[in-house]
Amino acid sequence: MTVPAPVPASAAAPTVTPAPSTRRPGPRLRTPRPGTGGRGRKSPLLTVLTTLVLVYALVPLVWLLINATKTQADLFSSFGLWFGDSFALWDNVQATLAYDDGVFVRWFVNTVLYVVLGAGGATFLAVLGGYALAKFDFPGKRGVFAVVIGAVAVPGTALAVPTFLMFSQMGLTNTPWAVIVPSLISPFGLYLMWTFAAEAIPGELLEAARIDGAGEFRTFFRVSLPLLAPGIVTVLLFTTVATWNNYFLPLIMLRDSSWYPLTLGLNAWNAQAATAGGEAIFNLVITGALLTILPLVVAFLFLQRFWQSGLAAGSVKE
Amino acid sequence: MTARPRRLIRGTALVGTLALALTACSSTDDGGTGGEAVDTASVLETGGEITVWAWEPTLEDVVTDFEAAYPNVTVNLENVGTGNDQYTALQNAIAAGDGVPDVAQVEYYAVPQFAISESLADLSDLGASALDGTFTTGPWGSVRSGDGIYGLPMDSGPMALFYNEEVFTEVGVDVPTTWDEYLEAARAIHEADPKAYIANDTGDAGFTTSMIWQAGGQPYTVDGTDVTIDFAGDEGTSTFTEVWQQLVDEELLAPVSSWSDEWYQGLGDGSIATLTIGAWMPANLESGVPAGAGKWRVAEMPQWEAGQHATAENGGSSLAVPAASANAELAYAFVEYATAGDGVQTRVDGGAFPATTAELESDEFRGKEFEYFGGQQVNEVLADSAANVVEGWQYLPFQVYANSIFNDTVGQAYVSGTTLTDGLAAWQQQSVAYGNDQGFTVSE
Chain A
101 MTVPAPVPAS AAAPTVTPAP STRRPGPRLR TPRPGTGGRG RKSPLLTVLT TLVLVYALVP
161 LVWLLINATK TQADLFSSFG LWFGDSFALW DNVQATLAYD DGVFVRWFVN TVLYVVLGAG
221 GATFLAVLGG YALAKFDFPG KRGVFAVVIG AVAVPGTALA VPTFLMFSQM GLTNTPWAVI
281 VPSLISPFGL YLMWTFAAEA IPGELLEAAR IDGAGEFRTF FRVSLPLLAP GIVTVLLFTT
341 VATWNNYFLP LIMLRDSSWY PLTLGLNAWN AQAATAGGEA IFNLVITGAL LTILPLVVAF
401 LFLQRFWQSG LAAGSVKE
Chain B
927 MTARPRRLIR GTALVGTLAL ALTACSSTDD GGTGGEAVDT ASVLETGGEI TVWAWEPTLE
987 DVVTDFEAAY PNVTVNLENV GTGNDQYTAL QNAIAAGDGV PDVAQVEYYA VPQFAISESL
1047 ADLSDLGASA LDGTFTTGPW GSVRSGDGIY GLPMDSGPMA LFYNEEVFTE VGVDVPTTWD
1107 EYLEAARAIH EADPKAYIAN DTGDAGFTTS MIWQAGGQPY TVDGTDVTID FAGDEGTSTF
1167 TEVWQQLVDE ELLAPVSSWS DEWYQGLGDG SIATLTIGAW MPANLESGVP AGAGKWRVAE
1227 MPQWEAGQHA TAENGGSSLA VPAASANAEL AYAFVEYATA GDGVQTRVDG GAFPATTAEL
1287 ESDEFRGKEF EYFGGQQVNE VLADSAANVV EGWQYLPFQV YANSIFNDTV GQAYVSGTTL
1347 TDGLAAWQQQ SVAYGNDQGF TVSE
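Same order as they appear, the protein sequences are chains A and B. Numbering-wise (my numbering), the first sequence opens with residue 101 and increments by one. Numbering-wise (my numbering), the second sequence opens with residue 927 and increments by one.
Quick caveat, the hints were computed from the structure, so don't treat them as lab data. Beta carbons are placed, not taken as given, at the ideal position from N, Cα and C, and that holds for glycine. Any given hint might turn out to be false.
[Claimed, not checked] Simulated coverage check for chain A against chain B, where a stretch passes if three residues somewhere in it have a Cβ under 8 Å from a Cβ of chain B:
| no. | region |
| --- | --- |
| 1 | 171-181 |
| 2 | 256-267 |
[What the hints assert, rightly or not] A partial selection of chain B residues facing chain A, derived with a Cβ cut-off under 8 Å:
| no. | residue |
| --- | --- |
| 3 | W981 |
| 4 | A1022 |
| 5 | G1194 |
| 6 | A1217 |
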């Protein structure tokens, strides 16, 4: 029960409204050119296509919103994309939070913990590593580059079982560390930070700081870090979404349901409907899924402005 | 405890870990205490802590009662996942030699797989030998392999025909007592309302094997690591496919997967008129299909030949003690309490269907009236079914894997032009190949 809908929805937003380009008949879609302004060329075909993409991205979210308002009986007896006889959203929310001694709240707190420590830590390490790789020369840098690129290509799922065996040797399985520690490594985040730092921080600026007598740490925290902010937000968003939606790693690592993140917990609720004697609670699963994605939606809406400026940074000569 | 559709997604993870577990565990020693039966009273008095991995909902009450009765014992009940999820976790823990629970819920179809890899303790050493006759024959046969007893039956799933009486009354057909009548009824129901079907089926390994079981088929024979898989020459299999192929060909089965929300919907609105399923189903109907209250009834499973009373098991699970448990004696004491002791009544009160003959034969159990089923004494039908289970059925020692590829092989018959027979042949072929890869000697 991972809910990918809001990610493409929000992520698609910048591309859905391409900036008008006046120069050539065949404009490249993704090249916003500030300052060229003026008359936009309207393309009905593009409008239709982008509308289709928008609908495709939003329908699951709409479905989720509508169905979270239904009772279990209504779920089975009413049309999926419209409201049922009753409006039970608040009842559902209350029932979701209260079901099984409020275990949903516990899962929510767990997920937040994994995100703060895991995604936060991953971002911190990616910033340090990316900055160092971008701005310092050392022997073996090409080797590091190859390793990082290679690591981006390996899906985390493939590493989960070996990681489990390693962690169980260390006695760390079935503890929160088993989820947090592997989440700390984000090759993609590192790579992103690396390229971003290379563009966003002029070498001359670092030289000037050094000449003025600042140490490397002072330079990093006072000069470089503010310049890296948009990139940091981007990486933070990626790692947050990855950790928030992580399913397979906690599935392998955790046995104690009181350490479950929301993804595992909701799946357990869903599986309950397919076991003998188990109570079918589809309305709670759906409402739980809605509550699960809300923080991600909020994070995206709130952080998007930083993210957009981050994407454009370094793309033009100033 | 469940007959559930095995989703295939996690099959690959399981396959990998299975291979690991089979090799890793072949060196494990017996782990038994040898000889003497456990003095459960003194073990319980001494107390200790055990971890139980199970998803069965009534066990929570059992644990509460158990801890109240034996205050020195602490039971950590964990729901590690349902069915395959739990088996994957169990195989992983066994392979890693760390975090293995003291008790695990294992469905009957999966018991041989864990037993043959010596992952489970032989409970006959701990006192289970004395329980002969306590359980009905179907489940009791399912937990035994050779001389060993690898779990105690927690619940059972003798099959019966659950049907929506309203649908049959409206269409004006009798409730079928044979599978031929069932076919006729299927035609009548679908003709009366093109949206209504007599049943749903999109290919379910547990259902198909149970149907072949009822028809007297024995496609699997297992003797240690020597395994034979033969669907083509099995009479029970052809009895089943002859009738079922007609249902498939005439499109008389709703293309809805069991346990999906559409399925729950169909059971409520009458578009799925019958379920041939295990005796644990009443609790699921009551909680999951409130719209069907008062409409559903239970009858004996339709027969392949008129006048017979043959049934099969569908689902059901045992509580087993992993060989790596550090506290096997206490674990056994708990398992015995939950499956043969005071725990049974607790579970029956919670809606579970027991596997113990004493409960199944008691007037209190048989005479219970179910409001949901219009006041019918449902347990009478179900308990009779438990006594009529055809003997001699065996599951593969790698049934978990086999079931995980069912939809890719036999399931094709429901969506494309292939026949059930072709599908079963493909299933057989892939099962044989897998078994040989895993170190079994599999012949066809």
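Right, here's what the structure says about each hint:
1. 171-181: Result for this restraint: holds, n = 5.
2. 256-267: holds (count 3)
3. W981: This interface hint holds because 6 Å falls under the 8 Å limit.
4. A1022: holds (4 Å)
5. G1194: holds (6 Å)
6. A1217: Holds, about 6 Å.
The structure agrees with every numbered hint stated previously.
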